[in-house]
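> Residues per chain, in single letters:
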Amino acid sequence: MGRKSHTSDPRPPRWAGKLLSIFADPRAEEEIAGDLLELHAYWSKTGSRASANRRYIWNVLKLMRPFAIRKQSNDYPKTYSLTPAMIRNHFTIAIRNFFKSRGYSFINVSGLAVGMSCAILIFLAVRHETSYDLYQSRIHRIYRVETENIKENHTYPGTYTGMTNALHTDMPEVETVVPLLKFSDKTMAVGDNRFRESFIFADNNLFKTFDYQWVSGNPANALAQPNTIVLTRKYAEKYFGKTDVIGKTVRLDNKQDLTVAGVVEDYPSATSFPFDMLVSFPTLKNVNPDFDQNRWNGWNDNFQVFVLLKKGIRPEQLAGRFAAIVEKYIGKGEGEHKRFKFSHLSNIHYSGNLGGRSANVSLLKTLSFIGLLVLLIACFNFINLSTAQAFRRAKEVGIRKAIGSNRKSLVFQFLTEAALITSFAAVGAVVLSVIALPSLANALAIPLTTADLFTWETALFSAVLLVVTTLLAGVYPALRLSGMAPIWTLKSNATQQTSQWVSMRQGLVVVQFTVSLVLISCAMLINRQLDFFRHADLGFDQSAIITVGLPDNTPEKLHAFRDQLLRSPQIRDASFSFNSASAESNWMQSMEYRKGPEVVQVKTQMKMGDSHFLDTYGIKMLAGEPLKDSDTTDFKVIVNEIVLARLGITHPAQAIGERLYFGDGDQFAVIKGVAKNFNVNSLHQKIDPTIIQVVPNNYYQVGVKLQSERPNAASVQTALAHIEKAWTAAFPDQVFEYNFLDETLAQAYQSETRTAKLIEVATFFAVLIACMGLFGLATFTAEQRTKEIGVRKVLGASVASIIGLLSKDFLKLVMIAFLIASPIAWYAMSLWLQNFEFRIQIAWWMFLSAGVLMTLIAVLTVGFQSVKAARLDPVKSLRSE
Amino acid sequence: MKRTFLGEFEELVLLTVAVLEEDAYGVSVTQELEKKTGRIVGFSTVHTTLQRLEEKGYLSSRMGGATAERGGRRKRYFIVTAFGRKALREAKQVREDLWSALSPAALQLMGS
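So the sequences go chain by chain: B and A.
Under our numbering, the first residue of the first sequence is numbered 43, with each subsequent residue one higher.
Under our numbering, the first residue of the second sequence is numbered 45, with each subsequent residue one higher.
Just so you know, not all the hints are guaranteed correct.
[As the list claims (entries may be wrong)] Examples of chain A residues lying across from chain B (beta carbon under 10 Å, computed):
{"hint": "1", "residue": "S88"}
{"hint": "2", "residue": "R120"}
{"hint": "3", "residue": "S147"}
[Claimed, not checked] Here are some chain A residues the structure puts well away from chain B; computed CB gaps all over 10 Å:
{"hint": "4", "residue": "S104"}
{"hint": "5", "residue": "G109"}
{"hint": "6", "residue": "E113"}
[Said to hold, decoys possible] As a list, the in silico BS3-like pairs of lysine-lysine whose alpha-carbon atoms are at most 25 Å apart:
{"hint": "7", "chain 1": "B", "residue 1": "K767", "chain 2": "B", "residue 2": "K799"}
{"hint": "8", "chain 1": "A", "residue 1": "K130", "chain 2": "B", "residue 2": "K104"}
{"hint": "9", "chain 1": "A", "residue 1": "K80", "chain 2": "B", "residue 2": "K87"}
To be clear, the hints were calculated from the coordinates, so they are not data collected in a lab.
Positions of the beta carbon are idealized from the N, C-alpha and C atoms, including for glycine.
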């Protein structure tokens, strides 16, 4: 009496209660638990709390019936839906239904086939792009030395030529160092056969680091001596027609004979090292004596260094070694500006590499996303058409349920139907993929062949895709159809459905049209931007200019060459220069302008050309005089308006005579003239401050301006023949190659052109599939309302009003889609346009025109069925009841 | 009909259920038994016996309404079936027959 247990509510141990709820007889658990709680309260009132707990626990233990659960039995026997007979029946019904509604089946199968084909093709592209270099056996230890410019926050794939020796002496953790230097557009000759090739300088460490299969030759010393070369099997056959070619010679640039020291097997397509010709590094001294192999000021991305780290070394451990290398070779305190780091071999394909192909990750992502959308649109078609037809199957479902089918077996039946349609679609998808693969590979510039399509990975992916698509398309209709209450399906007038079904269907149509509209808007805008690229005023003339490389720029030769060129009546002018007025690779130089005590630093682009440069490229002068070929000695230059703006000079005439300092600060150039701005880069970038200077030993190409602005094919042929003759006369034993400037410039927009092409194709298919779905729905609605239309016509409705009645609902959905799609498209496109410094303005009417186009397509799709239904003779539709 | 054997404890429980009339459930039966017999009766024993009696058909049960006490759990109320009443009567009859068969001397020896 008077103990604590009286005041506080006594509770039995919780664990015992848990035990009871698990192990007690499930049928009596509730009353036992209740009774014991009541008793526990009673025991604590009459005795001590401990004894109450003890008695509680004791009773719990005695009441445990762990095996009682198993004794439960069902009142009714279970029906098994997955018996072979039932499965066979499901297939029979599925095939019958497939052929009964052929039109809808066709829409579903073709839509899903296109969608799945998109998915398979994109899978192939992604798999190829992500498989680069993974076959290398030492991949885990191979890294590339990259150079980071900390101020620009940019990492370059190339590095200083001195890095090779620095790594050998200052980084004992590396096992091998593989310097690779790429030379492009060189002439290789075997006898009288000449080829224009690019090749790689490498040493024997290449074979110790990367995997090579040797046909003949010795990997240990093939590239040890100067003047040796290793060919791939393909190139050995191209040059000599056989692979047994050790000891034969190839002549490089008409100067140096190279002895074939080995032949290796061809490289796989997914490699960042697709080199057909490997020239020994010591050869470099003979070919290019000026090349400084210990240079620490300025680098080039054509020189890249790979290393094989010793086992167990992590690249992060070596940051200190690199910092020391920067201090030792570049200078004290340079660590603020420059940093070296290791990039793993598996990442090489995603940045600039010597193979020249890198993955366009954003394009692949966009593509995957769009592919998924196309597949989704096709699935939505299936969902819509199946649920729309629900009433046709309602009686069947009702009867099946009435005679004892359970929901699970009905779900299984409808999924079988979905699987059947998806399987037909999968067969179609494979056929479509085989047809479309070459053009996709071409459009993406990925080396894919039909053989890639028939691999076990693709098969596995297709199987997974089949299952996913079946579930995506089939689950919702299966649940819907099997969920119908038998009572209303069996009532004779059970045609009306709950409003929720309709809104789901409308929602899916809106999604389909939103996707289509976004794609249409994007395709239109991208094409406008590309159009802008083609027709933008670049500030110079790009038409009717032919560019040809110069293997040699000794002044006498060039002089004679020009005289030869200008003899042709087709040729107006010719200019020798470093590169064209606008080019991809440029020479940047820092300039200093001293305005009193103030010093202005300008990073300028150097355009090196002769006195004909401005005339040939049609660049206009604003002030001063044009260049003369004699301006080399006193550094007289022409600058563009941007330079003036940077220097703070407002009037072009004021700039004449001003000095720009360069080099160590003593040398200077004098501004002789001011040129109007012209796009020195592609339209992605701003116009750089530009200086045009006469530097004859940096002439690497000739630009030939033809007489007529729009030459016909015949005059171009004549001009080309003349140029080739003059060129071959000036540079015998070389391979003549030419380019049209406008085509070269267009290549800068290749990536955008590709994106545009792919989005156009995707848009076409998305709209096509969405319209097929809409057509199916319109057909279905028209069929369902035949009687209603008959009655309306009898009562005096006009054909036009009935067409309006049938089309209105669908057009409403297109309108909603338009409202959703426009902001999305606007946002996506304004993001995309940010890639370009020169771009079009997005205007509201662009979206409106996309909307009008979509509405037009929808009207045509729905209109066909509406007109057919509206023109039907009411006598026919009302005759039978 | 074959007579089912009624054990001593079973008979006590059955009787108690009959005594408690409408209010017979696990706890009340246990407490009533303790009160009447004066010995400690295990709840688990009572529960098992009640279940067995129900299986044998002497008792029938129904679940009561939810209560605020005992964690909101319902009680299972038991009532004696007609078969149960018959069994009790028979058991009593057997005893009465035996008592009446007792000789007066023996009866006196028992002190009544």
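> In ascending order, which of the hints set out earlier in this document are inconsistent with the structure?
3, 6, 7, 8
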